[in-house]
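Take the first sequence: its letter number 448 is residue 447 in numbering that gives the first Met the number 0, and every next letter is one higher.
Keep in mind that the hints were calculated from the coordinates and are not lab data.
The calculated DSS-like cross-link candidates involving lysine-lysine, where the alpha carbons are at most 27 angstroms apart (straight line), are: (1) K191 x K161; (2) K421 x K497; (3) K409 x K356; (4) K4 x K23; (5) K102 x K80; (6) K313 x K21; (7) K191 x K130; (8) K266 x K84; (9) K450 x K396; (10) K308 x K474; (11) K415 x K346; (12) K268 x K80; (13) K508 x K333; (14) K409 x K346; (15) K533 x K346; (16) K268 x K84; (17) K300 x K266; (18) K112 x K191; (19) K130 x K172; (20) K191 x K268; (21) K4 x K300; (22) K113 x K161; (23) K172 x K161; (24) K242 x K130; (25) K409 x K508; (26) K450 x K333; (27) K313 x K4; (28) K112 x K102; (29) K130 x K112; (30) K80 x K300; (31) K356 x K415.
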Amino acid sequence: MTEEKSLNFLEEIIDNDLKTGKYKSIITRFPPEPNGYLHMGHAKSICLNFGLALNYGGKTNLRFDDTNPVTEETEYVESIKHDIKWLGFQWAEELYASDYFEKLYEFAVLLIKKNLAYVDDSTSEEIAKQKGTPTQPGTDSPFRSRTIEENLTLFTDMRAGKYKDGEKVLRAKADMSHVNMHMRDPIMYRIKHAHHHRTGDAWCIYPMYDFAHGQSDAIENITHSICTLEFIPHRELYDWFIKNLEIYPSHQYEFARLNMTYTVMSKRKLLQLVNEGHVSGWDDPRMPTLSGVRRRGYTPKSIREFCDKIGVAKRENLIDVGLLEFCVREDLNKIALRRMVVFDPLKVVITNYPEGKSEVLTGEENPEDANSGIREIPFSRELYIEQEDFMENPPKKYFRLAPGQMVRLKSAYIIKCDEVIKDANGKVTELRCSYIPESRSGSDTSGINVKGVIHWVSAATAVPIEVRLYDRLFKVEDLGEAEGDFKDYLNPESLLVKTNVLAEPAIHKANKDDRYQFLRTGYFCLDPDSTADKLIFNRTVTLRDMWAKEAKKN
RNA sequence: UGUCCGAUGGUGUAACUGGCAACACGCCUGAUUUUGAUUCAGGAAAGUCCAGGUUCGAGCCCUGGUCGGACAACCA
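My request is simple: use the sequences and hints to build the entire structure.
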């Protein structure tokens, strides 16, 4: 297999940088702000940054971009670290922008001394006005011409806490008429008398993103600083600071962020969902957060596979969630243990099976995995099958049970429906069937071929469990326009809890690390809320298109 | 009125220095199947935003348009 996988544009750049000797090895970084939980969009970035370093023999730093104390918390730091490890990646160094506060301060002083930064007393409104518009040049601040000495003193005083929030800022002296708005004397430092999750009250001035990110990259000798498209206009400023500070020339590259159908992928909106109580928390199984999909049963491997499949480019994209679900099923099919579970029970009595008799049949744990072994399944005279698996007046292509028809009970016998019992309202309450003794699974000598195979549980040994069926949180495919208040787009049926679902006894072996396929319904995993006497399962994904053909043909 | 980024089947991503537009998801057909799943075989679907140009030859190069997105937080 010499087949070469085509390179994405970043791999091409790195390939070239390595070939030409620009770098001996590469260093990337994953730079989350600890102001929320990681989501699928971050997974794309993580797989990209860590994956690139892995493939090219480099390393990746985890750096928390914690330059805004009012939004950041230690809880988020911990969850982020946990999620990255869970995804299967290990960072070379754990760093914080806040580690560089002293260094960044020195950088700022250096720029003041080079007459490339000044303290501005203007209000934020005044500064906004000075900036002009994308089509009109800005105007100089009246404080732009302060002397170096004066700026030095004022900046020292800012740090010393002599001013209130918003009273003064430090601005870069760039070009107020630059076509790029970000070059119009951007703010480098602002005053915030706020408690920082790591530096506590040591500082009351904090660097802005633009004055922290590039320098942090430079300090760490990051060779390829990869971020999303919206930072393209920042690149010029990124380079400007690096050039004027004469530090390591890290370079910024941009790629298009992940968008998925029926999914919001903005931290701001996810926070809103949490705060307004539309979901139970950041790890609600309907959330696109890593903690959410983990709780729902998605595997790290399937997410990595997904990130690989969606590729990397610079054009805007909207990925169908179906692709993610495909990746999840692909992995789960290989590892999930098979169990029979009946959601809406319909009683079946096998009239020719002796009363009081029972036997233990066996079934494969997982037919896709030869080493998975077998499980025991008790069989007896009274069973439950899925109501959906019986139709009194079946359409043409219906292969399951109907009056006078035969089906196989998975891993057991072929049965024939002889009689339908209804209550006063005409509702079917019980089926009387006969079984074919020679048709026992594994030793079938009956010669009978049936097309339908259904799942079942023995009434005497069935275990009641609780099942949580999760559907899409949103009703609309593209939430691009769903700004601000997206209550209108929420799907009220996104969560369906079913109690007293009946499962075969093997369900008792349930383990939180295992994945299950409930035969013919979908993939499930044990929810952390489960206890020994109350097993709760979350539905990961449904089985693919189980009834699609039938629906189409009817 | 500006600057920057982008445009390839329904979706996403490819196509080495110009050389028969490929792969995956989805869709359709058939086979196998004690899960209507899985697996397997096959198929439909774009002629590459438009108009010119260079060339034996353009998705790739040139010129001019069109459309979409980003940019005016003391957020990142």
